[in-house]
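**Student:** Chain G is already provided as a structure; the job is to place chain P on it using the hints.
Which chain is which? The protein sequence lines are G and P, in order.
With the first letter of the first sequence counted as 1, position 393 gets the number 393 in our numbering; the numbers rise by one all the way through.
With the first letter of the second sequence counted as 1, position 222 gets the number 222 in our numbering; the numbers rise by one all the way through.
No wet-lab data here; the hints were simulated from the structure.
Quick list of in silico lysine-lysine cross-link-like pairs, BS3-like style, CA-CA up to 27 Å:
hint : chain 1 : residue 1 : chain 2 : residue 2
1    : G       : 365       : P       : 211
2    : G       : 365       : G       : 336
3    : P       : 99        : P       : 111
4    : P       : 41        : P       : 111
5    : P       : 111       : P       : 28
6    : G       : 331       : G       : 365
7    : P       : 75        : P       : 41
8    : P       : 111       : P       : 31
9    : P       : 211       : G       : 336
10   : P       : 28        : P       : 41
11   : P       : 214       : G       : 331
12   : P       : 211       : G       : 331
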Amino acid sequence: MRFLNLFRTSAFRLALVYLLLFAASAFALIAFIYWNTAGFMASQTDETIEAEILGLREQYSSSGLPGLRQVVLERSANVGSGLYLLANSDYSRIAGNLTAWPAAPTGRGRWVDFTYDRVLSGVAERRTARARHIELLGGFQLLVGRDVHERREIEDRIESALFWSAVITVGLGLIGGLVMSRSQTRRLDVINRTSREIMEGDLSRRVPLSGADDEFDELATNLNDMLDQIERLMSGMSEVADNIAHDLRTPLNRLRSRLEVTLMRPATEQEYREALEAAIMESDGLISTFNSLLLIARAETGEARENFEPTDLKSVLADVVELYEPLAEAKRISLKSVSVKQAIINGDRGLISQVVANLIDNAIKYTPEDGAVSVSLKLQGEQAVVEVRDTGPGIPQAERDHVLRRFVRLEASRNEPGSGLGLSLVAAVMRLHDGEIALGDAAPGLVATLKFNLRD
Amino acid sequence: MFTDSIATDSMRLLIVEDDRDAAAYLVKGLKESGHVVDHAKDGVEGLALARAQGYDVAIVDRMLPRLDGLQLVQKMREEGNLVPVLFLSALGDIDDRVKGLKAGGDDYLPKPYAIVELLARLDALVRRRQPEQVQTRLTVGDLELDLLSRSAFRSGQSIDLQPREFLLLEYLMRHAGQVVTRTMLLENVWDYHFDPQTNVIDVHISRLRAKIDKGFTEQLLHTVRGAGYCLRAVP
Numbered sequence: 001m002r003f004l005n006l007f008r009t010s011a012f013r014l015a016l017v018y019l020l021l022f023a024a025s026a027f028a029l030i031a032f033i034y035w036n037t038a039g040f041m042a043s044q045t046d047e048t049i050e051a052e053i054l055g056l057r058e059q060y061s062s063s064g065l066p067g068l069r070q071v072v073l074e075r076s077a078n079v080g081s082g083l084y085l086l087a088n089s090d091y092s093r094i095a096g097n098l099t100a101w102p103a104a105p106t107g108r109g110r111w112v113d114f115t116y117d118r119v120l121s122g123v124a125e126r127r128t129a130r131a132r133h134i135e136l137l138g139g140f141q142l143l144v145g146r147d148v149h150e151r152r153e154i155e156d157r158i159e160s161a162l163f164w165s166a167v168i169t170v171g172l173g174l175i176g177g178l179v180m181s182r183s184q185t186r187r188l189d190v191i192n193r194t195s196r197e198i199m200e201g202d203l204s205r206r207v208p209l210s211g212a213d214d215e216f217d218e219l220a221t222n223l224n225d226m227l228d229q230i231e232r233l234m235s236g237m238s239e240v241a242d243n244i245a246h247d248l249r250t251p252l253n254r255l256r257s258r259l260e261v262t263l264m265r266p267a268t269e270q271e272y273r274e275a276l277e278a279a280i281m282e283s284d285g286l287i288s289t290f291n292s293l294l295l296i297a298r299a300e301t302g303e304a305r306e307n308f309e310p311t312d313l314k315s316v317l318a319d320v321v322e323l324y325e326p327l328a329e330a331k332r333i334s335l336k337s338v339s340v341k342q343a344i345i346n347g348d349r350g351l352i353s354q355v356v357a358n359l360i361d362n363a364i365k366y367t368p369e370d371g372a373v374s375v376s377l378k379l380q381g382e383q384a385v386v387e388v389r390d391t392g393p394g395i396p397q398a399e400r401d402h403v404l405r406r407f408v409r410l411e412a413s414r415n416e417p418g419s420g421l422g423l424s425l426v427a428a429v430m431r432l433h434d435g436e437i438a439l440g441d442a443a444p445g446l447v448a449t450l451k452f453n454l455r456d
Numbered sequence: 001m002f003t004d005s006i007a008t009d010s011m012r013l014l015i016v017e018d019d020r021d022a023a024a025y026l027v028k029g030l031k032e033s034g035h036v037v038d039h040a041k042d043g044v045e046g047l048a049l050a051r052a053q054g055y056d057v058a059i060v061d062r063m064l065p066r067l068d069g070l071q072l073v074q075k076m077r078e079e080g081n082l083v084p085v086l087f088l089s090a091l092g093d094i095d096d097r098v099k100g101l102k103a104g105g106d107d108y109l110p111k112p113y114a115i116v117e118l119l120a121r122l123d124a125l126v127r128r129r130q131p132e133q134v135q136t137r138l139t140v141g142d143l144e145l146d147l148l149s150r151s152a153f154r155s156g157q158s159i160d161l162q163p164r165e166f167l168l169l170e171y172l173m174r175h176a177g178q179v180v181t182r183t184m185l186l187e188n189v190w191d192y193h194f195d196p197q198t199n200v201i202d203v204h205i206s207r208l209r210a211k212i213d214k215g216f217t218e219q220l221l222h223t224v225r226g227a228g229y230c231l232r233a234v235p
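Same shape as in the complex, but just chain G (with noise of 0.2 Å):
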């Protein structure tokens, strides 16, 4: 069964055909050199016969039968591969090293392939020979032939090794093609075997390598990449999974808590009020958190970027400074902007509006009073540079990377309002936007960095 199997493979299809091809024009090139040889060998002693013929019709015309006769005495006693037979007109024989007139049919100026007795030392051994036919004046018959024999021997060999060397051909091109195709089979086993792992749960199996750097090698690699970006993804959906347990389990515990509380004895209207106010602000705080889920989950998707359109930083900048102008100013914090005249990107407005709000928010947030936040924009080389700087406390070097995952919050801002998907969220937008973000320090304070791909 998984003999048959072999043979559906494509691999063993293709040697097939490779096979009947191979052997196809090795045969044409084999039996052109074969008819071309024998072809030339016969040609030669036909002309070897007809040159006999010539002289000895010139013997005959100029001695006569005599000596016609002496001379095929001399040359049948030649120990040579020539034939001779003189014969009378009812075929009785003259002169020659032929015993009889061949059984096989002759006419005039016919030429015959035949068999004769030849006896050497003795022994007599049956042979091949061809010949022509001539009939002489005063009707005699005179048979010029040679003794083929050896010719056709060669002839035969050749042919039965044409044979042979065809059967051998197929024969080790079949192997060769199984051979193939099962070394091929084994390796994309081996591939089938792990996805099939794979597949049954097992996410940590990879597709080992043969060494050979070869396209399967490539294959394995690229697979291999592959499930190493599945595998960071599960794992970031379960961290994901995980944290959003975390930061929607705590407030909801915190609400469930606060409404059985009040429930727990009688209290005055007054009471029921406020527990159900802070219960709303609860669940607002709530939905918020939620929506920046939602929007975190959406950004990493990419499904955002089909609303992308040319955008102008810059505008985008001045709008959102202007709306936390007045924000800045009550905690008298100056907010100062510079920017080129232009930074035209591919983007989505509404998410870098939010991205940069954001930023200046956390800015103002975290700067003390009389305090500056700076936001800048500008050109370097082929990327849009927007900077926004505080004189807040900063963020210590370690947890810088930290803050721009899922959730984070600084320990100690852990009371302050707020989801804490701020950064987490910018990051999002940014790597949908194939930007980068960086936090620095700004000594004092804190210098975000977002870097956009200008539009070509």
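**Tutor:** Quick look at chain P alone, frame taken from chain G:
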């Protein structure tokens, strides 16, 4: 300066919502605010009611059995029914908002929403329905806004406004006497569809209030607790 209740004129409202509990709360909330409310539990029933009765506003859920919210509104518009429609939707994407408005909706509110937000938006929709003549001058009490020269006056005294403050005041004056929520202001004056973490709108309002109300005994710009703001003159 604070007003506790949201006083609006009584409206005839149609609610098309398939979730029975959600609909019951909504009907209760709207009735308690003094409105007359009909409820349809699916699109087909909603369409029949919309055909039979005259409503001030229809509140339509996006996902409905039998006839989807978008199709319902498209059908209403094809039949020449011009009742203002407010979509409620659990799909809060910008795309869905655009789809809703394209299908003939007039406003779009993602779930979960605050009832005060819904009330304010319903009010704005009803008043917008009244033919809006081209105005060059808006007046609330002794506050005047000249839309051509882009200048503002209170009791004849000129008020110096920044461009965005002008837009903010214009929106408040166009909706004079109505409650305007922070989200409505962000959407209509700034064209932002996200919620800033800090209530930046409050600071803009208090800045505007300092410019138009400071030094006057009659305050025009009121804060409506738990809802938003209202610009109005005591009649």
